[in-house]
Amino acid sequence: MTGPAILLLLLGLGLISWIFGRAKANRFITAGSKNLNSLPNYHGWYTALWAIVPALIFITIWSSVSPALVTDSVLANPAAAELTDNGFKRGAILSEARSIANNPGQKAFNPEAEQLAPLYAKAQSYYDIVGTLAVILLCFAGAAYAFIRIRPDFRARKRVEQVVMIVLLVASLIAIVATIGIVASLIFESARFFGMISPIDFFFGTEWNPKNTSVAGDGEDFGAIPLFWGTIFIGAIIAMVIAIPFGLMSAVYLTQYARPSFRKWMKPILEVLAGVPTVVYGYFAALTVAPALRDFAAAIGISNATSESALAAGLVMGVMIIPFVSSMADDSIAAVPSSMRDGSLAMGATKSETIKKVLIPAALPGVVGGVLLAVSRAIGETMIVVMAAGLAANLTANPFASVTTVTTQIVQLLTGDSDFNSPKVLAAFALGLTLFIVTLLLNLVALHIVKRYREAYE
Amino acid sequence: MTTETTTITNKMTTRNVDVFYGEKQAINGVSIDIDMENVTAFIGPSGCGKSTFLRTMNRMNDTIPSCRVTGEITLDGEDIYAPSMDVVQLRARVGMVFQKPNPFPKSIYDNIAYGPRIHGLASGKEELDRIVEKSLQRAGLWAEVKDRLNESGTALSGGQQQRLCIARAIAVDPEVILMDEPCSALDPIATAKIEELIHELRGKYAIVIVTHNMQQAARVSQRTAFFHLGTMVEYGDTSEMFTNPQEERTRDYITGRYG
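Sequence order for the protein chains is A and B. The numbers in this note's numbering rise by one with no breaks, and the one at position 61 of the first sequence is 61. The numbers in this note's numbering rise by one with no breaks, and the one at position 209 of the second sequence is 1209.
A portion of the hints provided could be inaccurate.
[What the hints assert, rightly or not] Listed below are the simulated DSBU-like cross-link pairs for lysine-lysine, each with C-alpha atoms no more than 35 Å apart in a straight line:
| no. | chain 1 | residue 1 | chain 2 | residue 2 |
| --- | --- | --- | --- | --- |
| 1 | B | LYS1125 | A | LYS356 |
| 2 | A | LYS24 | B | LYS1125 |
| 3 | B | LYS1125 | A | LYS89 |
| 4 | B | LYS1100 | A | LYS451 |
| 5 | B | LYS1146 | A | LYS451 |
| 6 | B | LYS1193 | A | LYS357 |
| 7 | A | LYS89 | B | LYS1024 |
| 8 | B | LYS1100 | A | LYS264 |
| 9 | B | LYS1100 | A | LYS356 |
| 10 | B | LYS1100 | B | LYS1125 |
| 11 | B | LYS1146 | A | LYS107 |
| 12 | B | LYS1100 | A | LYS357 |
| 13 | A | LYS357 | B | LYS1146 |
| 14 | A | LYS451 | B | LYS1204 |
| 15 | B | LYS1134 | A | LYS351 |
| 16 | A | LYS357 | B | LYS1134 |
| 17 | A | LYS351 | B | LYS1125 |
| 18 | B | LYS1193 | B | LYS1204 |
| 19 | B | LYS1193 | A | LYS356 |
| 20 | B | LYS1146 | A | LYS351 |
| 21 | A | LYS264 | A | LYS158 |
| 22 | B | LYS1106 | B | LYS1134 |
| 23 | A | LYS267 | B | LYS1125 |
| 24 | A | LYS264 | B | LYS1106 |
| 25 | B | LYS1106 | A | LYS451 |
| 26 | A | LYS357 | B | LYS1106 |
| 27 | B | LYS1146 | A | LYS356 |
| 28 | B | LYS1125 | A | LYS264 |
| 29 | A | LYS89 | B | LYS1146 |
| 30 | B | LYS1146 | A | LYS24 |
| 31 | B | LYS1134 | A | LYS24 |
| 32 | B | LYS1134 | A | LYS451 |
| 33 | A | LYS122 | B | LYS1024 |
| 34 | A | LYS267 | B | LYS1106 |
| 35 | B | LYS1024 | B | LYS1134 |
| 36 | A | LYS267 | B | LYS1193 |
[To be verified] Now the stretches of chain A that chain B is said to cover, found in silico as 3 or more residues with beta-carbon under 8 Å:
| no. | segment |
| --- | --- |
| 37 | 341-353 |
| 38 | 356-365 |
Just so you know, the hints here were simulated from the structure itself, not pulled from any lab data. Even glycine gets a Cβ: it sits at the ideal position worked out from N, Cα and C.
Given these sequences and hints, build the entire structure.
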C-alpha cells in the first residue's frame, strides 16, 4: 500500500475511533449520572489519538528502516551472491535495480540490475504488506486500549491537552533547532577557514582579493575590513540618513496629524511596502537610481563615478527601510500615554511643541530600538547591494565610488564552481558567521531597549 | 438655581452649553458661573458628564475629533470658542490638572520649566529658576524636592507627582485651574495634602474641581454643582447644598440613595 493510501486509511480509522470513543462517553451521560469527568468530545479525541499517533510513529520509523530490510533480503538471495565487492559499483547496481523495480519498463544499464529487479519488487511488496498490516494492527490496538479505558471518571481532557501541548512545544522548537543547526555548520566551516587563514589577517586586513586556490597561506588577500566598511557605509550610514528622518517624520504625521480615515489607509500600505521583495528594490537601484547618480556625479565633476555606487544602493535601501522605521516609531509614539500629550496641550503647548518636547523624547528609547533593528536588517540585506553596490572592495568614503558588502561577497564566493575546500569558499562561512553574530547582538540590544521602554509605561 | 453672586466677579460663565460626541448628547444646557473667590466643585455619579463639561472650559475636548460644543463659554467676557480665541493662549490662562498624575519623563525642574519655556515667560536662567522655585513652593513641594531638581519627575511618589503637576500648571501663572478628580489615584494622606493645597490656592486662582467624593467637595469647595445624566441639577453654596438641597435628585445622591 502506498504512503498516501495508508495515511488516508489511518485518518478514516481515526475518525471511526473518534465516533466510537465519543459514543461510549455519551452513553454515560444518557444513563443519568452527571459524573463524566471530561466532555464526550475529549474522549473521542483521546481514542482517535491513540489510534493514530502510535501508528504514525511506526510509519516514520518503518519508512527509514524498510529500505535496508529490502536490500538485505535481496542480498541474501543466491542470485545476488556473485555481485562485485566494489562498494561503489555495488551501490550503483542496487539503486538501479530499485529504480527498475519501481518503474517497470525502464532500460537497465547494468545487466546485473536487470536480474535483481524482480527480486527487489518481490521483497518490496512483501515488506509493504508487513508494514501495512503492522500499521493497521497498531491502530486497532491503540484504539481498543483507549476505548477500554473510557470510564466516567477518566480524565480524557487532561490527556488530550497534554498531547496538544506537546505538539505546540515541538512546533516552537523546530525553528530553534534549525537555527542551532545552521549556526553549528557556520561555526564548523568557519573554524576550517580560520585554520587556513589567520583571524587577525581576516578581521584587520585591508586587502580583499580572494583567489580560487586551494593553497593555504596567503592571508593578505583575505582582509575583510573593506567589506565591513562597505556594509556599514551602505547599511548603517547612507541608508539610515534616509530612513531615520523620513521614517520618524512619517510616524509623527501618521500618529499626530493624519485624519483617522487617512491613517486607516496609509498604515496598511506602509506595511505592505515593507513586504515588497527586495529584488524589486534592487532593480530600481540598479536600473534607475545608479545611472542617474552617475550622470549627476559626472555633471558636478566627479570623474571616477561608476554606475555601481554606494550611494545608489544606500539610498534605495534607505527607502526600503522607511516603512520599517516608520512602523516601529509609530508604535513607540502611540505607546506614549495620551495623558502625557494632554498634559502638554493643557499647558498651552502647541501640537508641534508637544511632539518635539514631550512625545518624541518619551518615545525615544522605542525609536532607538526600532532603528537598531532597522540597521540589523540593512546590513543583512543582500539583493539590493548585489545588484547595485558592486564587487570592488574599495576602502573609501566617496559615496559615488563602488564598494562591496559582506552579503555581496558571500554570494560572490559561493557562486561558480570552486573547490569546496578552498579558503575562497570557506571565507563565505566566516563572513556569514560574523554577520550573524553582529546582527544577533544588534537585535538583542534593540529588543532589550524596546522591552525596557515598554515596561516603563505599564 | 441660586443667584446671589452679584458682588462677586465672575471669571468664567457658561450659558446653555451642549456637548455632543457624534450623535450622542453628553451635556444638556449647562449654565454656570465660576468666580475667583470660591472653589467650585462639580459632583455627580460616574458618567454624568462632569469631566466632559470641565474639559470644554479650556477646550481640551478639541483633541477628541467627534466632540462638538454649542452654547457660550466665556473667560472674562470673551467667548473662548470664538474664532479669534487662540487655544494656546486660552490654555495658558486656564490650566488643568488630570485624574492620574502625568509628569513628563523629564527632570523635576524641566517639568516645571516646560510651560514658562514654551510661553517665553522667563527672560533668563535666573528668572526661570525663580519661577520654578515659586511654583514648587506654592504647590508645597519645594521642601521635599529642592535638593533633587534634576531627578526624573516620574520617580516621585503618586502624591508628589500630582503636586508636581499642580506646580507645573501654576508655573504659567494661569487665572483658572481646572482639576479633574485630582485625588482619585492617591492615598488618603496624599489626598489630604492636595486638599490643603487647594485651600491655600483659593483666591489666587479660580479653581474648579471635579470629584465623585462628596466629602471632598464638602471639605474643599464653597460652591457646588450637582450633575446628573448630562444636566446640571443644582448649583449653590456648598454648605447649603449638603444641608438643605433643593432638588429631590440632589438629596437622593447626597444621602447615598444612588451614585
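Here is what the structure says about each hint:
1. B:LYS1125 - A:LYS356: Distance ~21 Å between B:LYS1125 and A:LYS356 Cα, so the pair holds.
2. A:LYS24 - B:LYS1125: violated (85 Å)
3. B:LYS1125 - A:LYS89: violated (92 Å)
4. B:LYS1100 - A:LYS451: With a Cα-Cα distance of about 24 Å, the restraint between B:LYS1100 and A:LYS451 holds, given a limit of 35 Å.
5. B:LYS1146 - A:LYS451: holds (33 Å)
6. B:LYS1193 - A:LYS357: Within the cut-off at roughly 30 Å; holds.
7. A:LYS89 - B:LYS1024: Violated, because 87 Å separates the two Cα atoms, which is more than 35 Å.
8. B:LYS1100 - A:LYS264: Within the cut-off at roughly 30 Å; holds.
9. B:LYS1100 - A:LYS356: Distance of about 23 Å is within 35 Å: holds.
10. B:LYS1100 - B:LYS1125: Holds, at roughly 30 Å.
11. B:LYS1146 - A:LYS107: Outside the cut-off at roughly 97 Å; violated.
12. B:LYS1100 - A:LYS357: Cα-Cα ~20 Å, so holds.
13. A:LYS357 - B:LYS1146: holds (24 Å)
14. A:LYS451 - B:LYS1204: violated (45 Å)
15. B:LYS1134 - A:LYS351: The given pair, whose Cα atoms are some 27 Å apart, holds under the 35 Å limit.
16. A:LYS357 - B:LYS1134: holds (23 Å)
17. A:LYS351 - B:LYS1125: holds (25 Å)
18. B:LYS1193 - B:LYS1204: holds (18 Å)
19. B:LYS1193 - A:LYS356: Holds, at roughly 33 Å.
20. B:LYS1146 - A:LYS351: holds (31 Å)
21. A:LYS264 - A:LYS158: At roughly 44 Å apart (the allowed maximum being 35 Å), A:LYS158 and A:LYS264 break the hint.
22. B:LYS1106 - B:LYS1134: Distance ~19 Å between B:LYS1106 and B:LYS1134 Cα, so the pair holds.
23. A:LYS267 - B:LYS1125: Not OK: A:LYS267 and B:LYS1125 at ~43 Å, beyond 35 Å, violated.
24. A:LYS264 - B:LYS1106: holds (32 Å)
25. B:LYS1106 - A:LYS451: holds (20 Å)
26. A:LYS357 - B:LYS1106: holds (10 Å)
27. B:LYS1146 - A:LYS356: holds (27 Å)
28. B:LYS1125 - A:LYS264: Given pair B:LYS1125, A:LYS264 is violated - Cα atoms ~45 Å apart, limit 35 Å.
29. A:LYS89 - B:LYS1146: This hinted pair is violated, its Cα atoms lying about 91 Å apart.
30. B:LYS1146 - A:LYS24: violated (77 Å)
31. B:LYS1134 - A:LYS24: violated (81 Å)
32. B:LYS1134 - A:LYS451: Status violated; Cα separation ~38 Å.
33. A:LYS122 - B:LYS1024: violated (82 Å)
34. A:LYS267 - B:LYS1106: holds (30 Å)
35. B:LYS1024 - B:LYS1134: Status violated; Cα separation ~44 Å.
36. A:LYS267 - B:LYS1193: violated (46 Å)
37. 341-353: holds (count 11)
38. 356-365: n = 4 at 8 Å, threshold three: holds.
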